[in-house]
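Enquirer: Listed here are the chains, written in short residue letters.
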Amino acid sequence: MAERIDVSIEHRHDPGPDANGKRPANTCPSCGSHYRDDELDRTLRVCPQCGHHFPVHARARIEQLADEGSFTEEASGLRSKDPLDFFDLRPYTERIAEAELATGLGDAMVIGPGAIGGHDCELAVMDFGFMGGSMGSVVGEKFARACESAAERGVPVVTVTASGGARMQEGILSLMQLPKTVCAVADLHDAGGAMVTVMAHPTTAGVLASFATLGDITVAEPGALLAFTGPRVVQQTTREKLPEDFGLAESNYRFGHLDAIVPRPELRDYVTRVLTLFDGR
Amino acid sequence: MAAEDEIRLRERLSKLRSLPLLRGARISGELTKLQRQLDRIGSEAVGEEEISRLVQLARHEERPYALDYADRIFEDFVEIHGDRARADDQALVAGLARFDGRTVVVLGQQKGRDIAERTRRNFGMAYPEGYRKAMRAMTLAGRHGFPLVTLVDTPGAYPGMAAEQHGQGGAIAASQAVMARLEVPIVSCVIGEGGSGGAIAIALADRVLMQENALYSVISPEGCAAILWRDAKEWPKAAAALRPDARHCLELGVIDGIVAEPVGGAHTDHDEAARLLSGSLSTALGELEGIPGEQLRRHRRERFRRIGVFTEALAPSVAR
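From first to last, the protein sequence lines stand for chains U and D. Sequential numbering from 1 applies to the first sequence in this note's numbering. Sequential numbering from 1001 applies to the second sequence in this note's numbering.
Hints were generated in silico from the structure; no laboratory data involved. If you're wondering where the values come from, they're calculated on a predicted model, not measured in any experiment. Where is the CB? At the ideal position from N, CA and C, for every residue including glycine. Each hint should be verified, as a subset may be incorrect.
Stated by the list, open to error - EDC-like mimics (lysine to aspartate or glutamate), calculated; alpha carbons at most 16 Å apart, straight line:
(1) U:Lys-81 / U:Glu-94
(2) D:Lys-1237 / U:Asp-88
(3) D:Lys-1237 / D:Glu-1048
(4) D:Lys-1237 / U:Glu-98
(5) U:Lys-81 / D:Glu-1312
(6) D:Lys-1233 / U:Asp-88
(7) U:Lys-81 / U:Glu-98
(8) D:Lys-1233 / D:Glu-1048
(9) D:Lys-1237 / D:Asp-1071
(10) D:Lys-1237 / D:Glu-1050
(11) D:Lys-1237 / D:Glu-1222
(12) D:Lys-1233 / D:Glu-1222
What the hints assert, rightly or not - Output of the computed footprint for chain U on chain D, the stretches with three or more beta carbons under 8 Å from beta carbons of chain U:
(13) 1151-1164
(14) 1167-1175
The shape of chain U in the complex, shown without the other chains:
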């Protein structure tokens, strides 16, 4: 870590869950320390006390990773069209509008050209804050365009994933974003392009079962849940006794599903090193 923050005792006083059972956003769920926004921003939203990685929004992630001023957003005008007129307890359109207001994003992925450590690349970064980072038509289209743009310019794709899976509200069309993104990666690879995947917490279900696991280099942040089926559902369905670190990055690394676990403060340097190597053909 570049700079450690002096954590005074007041930071460790955990106010506990509020009336709705939610903990304040800046309270560390792992050690109970709590912080002001600017404090956490300075440490890339990693708890200085215990190293817990707080979620990072897509735009903030791009600021952390990309060279200053290098990123230009593409396809920001894409919006979901509610193809099924989906209505559960609330209409899908209402959920989208709410997510857009809350995040300032059109959907759960931000794409565009940028540079990391001086290497031109195409970024495709997910935002868990937008409907759980779920992948519907817009995310699939944006990812496909990112791959196409990278292939055209002859640069690698760097993708950061954070997603609960496919977006149920788009029914079968959301499932079809799995093969769509898989085909996009295949096209990128055929054009000689590389892909580096950084899996953030959580990367599950449809996104794990499509483009996320197809990176040439695939790494994850510490403690990230990376599972096709999460522990709660596995437990409910099979009644198996699960190990403590079930589905976490550390377990995935041990079972051979990841190239590395990279703490956030080291991520930029790590990606730069990898991009340098892919540049040296």
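Starting from the known structure of chain U, arrange chain D on it as the hints suggest.
Expert: Frame of chain U, contents of chain D only:
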């Protein structure tokens, strides 16, 4: 069945239209009513009652499974076993066979008929080992230029501890990636439940078909209801909202054709169901015959590249 209703209504409608205009007023009222019913059938989500019936048909315990079709549709089916790494997952069957006078590779999930077989086959829910066996079969097809036929019938990929540890998500992705790369014709048909990732793992095809009473969905109705309605018992509502039926999948451009079933459903007559499926597979494979592999692959990828529904507003130009 929506289709039968529709045919019945259309018949009545054309009869009424052809009647002499003598009895005018009442009939024209009837006409409007019928037309309205027809319009509704065309545009609305399938009702909860109907979708519940479809879910039961798609999961019917007497419904023909992949091996029932393999026996009836293909000649000389020789099953292959094992992923050459860890195990032989019997939830997913694969093999070589003859079809229309040529060798093909067939693979699909197999649910199992009685309790013993269901346990052995894990109710058609494959582990990563199953998808790796599938990839082995696909690669074999590609190496020797055999067309690939996949029969999709699974509640989903198995959601268990070992499945996760052995890389369920990665195996599903890798299997799709193999299919995106093959230079042989691929035809997939959903013959029962097309359950989410476990289904798409073997369905990245040139032609995707669905039997009339099959379902193709991103999540099980029960799973969707548990999450969005916070009560799995609300599954008929979720099933209706997800529109997992063949007609909607066709409308959305997700599948290329619907395979008819015997009246009452495929379970009522396995031989007839096989005959109908065989005809559709034959037509689909025939359409793909003679197309160069590189072109097949490009069109296959373009087919999936197009799927999705969204709008695009011009982005405000960035001030520099």
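Enquirer: Output the indices of the hints that this structure fails to meet, ascending.
Expert: Structure breaks hints 4, 9.
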